[in-house]
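Student: Sequence:
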Amino acid sequence: RERILKLVDADSFLEIGTFVTTPTKDGSPLASTFVCGLAEIDGRPVAIGGEDFSVEGGGTGVHLPQAKGGWGGFIEEFALGYRIPLIMLINGVGGSVILQDAIGYPELQAANPTFPMFDLMEKVPVLAAVLGPTAGSSAARAHLSHFSVMTKDNGCLFAGGPPVVKQAMGLDIDKFALGGADVHVKTSGLIDNQAANEDEALAQLRQVFAYLPNNVGERPLVKTEWSENDQEELLAIVSPSTRRIYDAQALIRCVADTGSFFEITPDYGRSVRLGFGRIEGHTVGMIASDSRTLAGSLDVQSSLKQTKFVEMCDRFHIPIAYFADVPGFLVGPKAEEAGVLKFGAMALRAIQKAKVPIYTVQVRRSYGLGGVATGSADPMSIRLCWPSAVWGDMPLEGGVEAAFRAELDAAPPEERAALKEKLVKTFERQTSVWRAIENFSGEEMIDPRHTRRYLARLVKLFYRRPFSGPAA
1 RERILKLVDA DSFLEIGTFV TTPTKDGSPL ASTFVCGLAE IDGRPVAIGG
51 EDFSVEGGGT GVHLPQAKGG WGGFIEEFAL GYRIPLIMLI NGVGGSVILQ
101 DAIGYPELQA ANPTFPMFDL MEKVPVLAAV LGPTAGSSAA RAHLSHFSVM
151 TKDNGCLFAG GPPVVKQAMG LDIDKFALGG ADVHVKTSGL IDNQAANEDE
201 ALAQLRQVFA YLPNNVGERP LVKTEWSEND QEELLAIVSP STRRIYDAQA
251 LIRCVADTGS FFEITPDYGR SVRLGFGRIE GHTVGMIASD SRTLAGSLDV
301 QSSLKQTKFV EMCDRFHIPI AYFADVPGFL VGPKAEEAGV LKFGAMALRA
351 IQKAKVPIYT VQVRRSYGLG GVATGSADPM SIRLCWPSAV WGDMPLEGGV
401 EAAFRAELDA APPEERAALK EKLVKTFERQ TSVWRAIENF SGEEMIDPRH
451 TRRYLARLVK LFYRRPFSGP AA
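Just so we're aligned, residue 1 is where the sequence shown starts under the working numbering, counting upward by one.
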């Protein structure tokens with residue numbers, strides 16, 4: 001309850017199920033393992049629930065004829081019925097032999113009523129925070145959300161905790177090494193963000209909540225007060241040379257309203273940076289290739305990360321600005337073994353199926369299928385190209401090496417480099433992006449300093465467009 005009160009507006013929490021109890025070994029009742037109710041955040045309604053870890057470790061409460069929430073149950077049905085966002089504060093042990101004993105028989109898991117959670121993901125924003133040790137069904141619940149955050153100081157989650165691992169595998173392992181924030185934020189990608197402590201995690205929930213609508217039948221609220229950054233800074237942030245890296249987050253922050261960019265999944269799939277920002281007060285999904293990691297190539301992690309974010313933006317009617325500088329999908333034996341094309345195809349499908357416009361700002365490179373994953377052929381989408389932009393089927397040097405391998409290998413060693421340079425220069429003339437612009441391959445070549453102006457006009461047009469979202 002203290003966590004809920006810290007998260008929501010003052011005096012707005014109305015608890016539901018206050019007097020529900022939990023059975024114990026000696027038959028004396030305890031308070032419920034799950035707390036839930038109705039509240040407000042920034043004056044907007046929200047359903048909220050969470051395990052009380054101080055009661056039987058926050059077990060699932062299978063003894064109840066109707067679960068209060070956590071893995072299906074009342075609070076999920078309540079949020080779905082009223083079409084209001086749901087926030088879950090997760091800190092529970094999942095199943096429990098003690099609670100199972102209370103009903104006298106083991107339930108068949110396939111019969112559990114978990115469907116409200118999946119319907120919720122289709123209809124309303126679902127946010128989750130992992131605030132302590134969490135296992136089993138409670139742990140899985142964290143991923144059934146549009147945004148999740150875990151505390152670094154105490155959060156950890158796993159399918160089975162250290163005692164289960166010890167029993168099954170004979171392995172002694174610390175709970176944080178098994179499923180701490182570093183594991184799930186940086187390696188598995190199960191959790192989007194980490195926070196230093198509980199207060200910071202709750203603050204992140206409030207931040208993300210502010211960008212999202214109440215349900216799929218509405219658009220995000222527009223902020224009336226905003227300020228912009230000096231767009232001259234863009235010229236200093238990005239070098240025209242594709243051999244020089246730059247700060248992709250600084251690029252996004254410069255174009256977005258001052259202080260409005262909130263990064264999501266910053267420690268996973270780092271060749272792509274993404275999150276919510278605002279342009280003239282309007283919520284925009286912002287994505288940027290990051291040349292500092294894998295030269296900006298899309299790998300398995302960044303493809304999964306981008307797919308989830310694009311689908312979330314599309315579901316909640318949030319237009320996307322994509323600052324593209326991608327040499328393609330990651331190549332090499334390790335990338336192929338990891339299934340880069342399989343997961344890359346998911347990123348392609350998500351962005352091409354999106355009904356919201358994708359405003360591609362072609363910063364520098366766009367090659368091959370990786371380039372296809374940065375834009376959309378939808379009529380509302382548009383490509384704004386910077387003078388530093390270059391694109392094609394593949395980078396010229398590699399393309400010439402592949403297409404003219406026989407001729408290059410037949411040349412004397414001392415002449416090979418000169419022949420390759422000659423071929424590259426020949427194709428440079430034929431593949432000039434200016435020739436592509438002349439043929440309307442990209443809609444407009446712009447001064448980088450005018451990027452925000454173009455995006456602001458386009459975003460406002462989308463927000464003024466007659467609403468045609470899915471049925472709420």
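Honestly, the hints are just simulated from the structure, not real lab data.
Fair warning: this is a prediction, and the values are worked out from it, not measured in the lab.
Just so you know, not all the hints are guaranteed correct.
Unchecked claim - Capping the alpha-carbon separation at 25 Å, the derived lysine to any residue pairs in SDA-like fashion look like this:
1) 460 <-> 280
2) 152 <-> 280
3) 223 <-> 1
As the list claims (entries may be wrong) - Simulated DEER-style distance windows between Cβ atoms:
4) 387 <-> 188: 26 to 32 Å
5) 6 <-> 241: 46 to 52 Å
6) 197 <-> 443: 29 to 35 Å
7) 187 <-> 12: 36 to 42 Å
8) 169 <-> 245: 41 to 47 Å
9) 410 <-> 169: 56 to 62 Å
10) 177 <-> 239: 54 to 60 Å
11) 434 <-> 457: 23 to 29 Å
12) 245 <-> 19: 55 to 61 Å
13) 453 <-> 411: 48 to 54 Å
14) 440 <-> 414: 26 to 32 Å
15) 171 <-> 21: 54 to 60 Å
C-beta: ideal position from N, C-alpha, C; glycine also.
Student: Are the hints correct? Go through all of them and say.
Tutor: The hints, checked one at a time:
Of the pairs offered as hints, the one joining residue 460 and residue 280 holds, with about 8 Å between alpha carbons and a cut-off of 25 Å not exceeded. A hinted pair counts as satisfied when its Cα atoms are at most 25 Å apart, and residue 152 with residue 280 does not qualify at roughly 34 Å. Only pairs whose Cα atoms come within 25 Å are accepted, and residue 223 paired with residue 1 is rejected, the gap being roughly 31 Å. At roughly 40 Å, the beta carbons of residue 387 and residue 188 sit outside the given window of 26 to 32 Å.
Checked against the given bound of 46 to 52 Å, the beta carbons of residue 6 and residue 241, roughly 48 Å apart, stay inside it. Distance hint check for residue 197 and residue 443: the Cβ-Cβ separation is about 46 Å, which falls outside the suggested range of 29 to 35 Å. Distance hint check: the CB atoms of residue 187 and residue 12 are about 37 Å apart, consistent with the given range 36 to 42 Å. Separation of residue 169 from residue 245 is about 42 Å and conforms to the stated range, judged on CB atoms against 41 to 47 Å.
Take residue 410 and residue 169: their Cβ atoms lie about 57 Å apart, and the range 56 to 62 Å holds. In this structure the supplied range 54 to 60 Å is violated for residue 177 paired with residue 239, their Cβ-Cβ distance being about 41 Å. Checking the proposed 23 to 29 Å range against residue 434 and residue 457 shows it holds: the Cβ atoms sit about 24 Å from each other. Checked against the hint of 55 to 61 Å, the C-beta distance between residue 245 and residue 19 comes to roughly 59 Å, which is consistent with it.
Between residue 453 and residue 411 the Cβ separation comes to about 50 Å, which falls inside the hinted range of 48 to 54 Å. About 44 Å separates the C-beta atoms of residue 440 and residue 414, a value inconsistent with the hinted range of 26 to 32 Å. With their beta carbons about 37 Å apart, residue 171 and residue 21 fall outside the hinted range of 54 to 60 Å.
Violated hints, listed in ascending order, are 2, 3, 4, 6, 10, 14, 15; each of the other numbered hints is respected by the structure.
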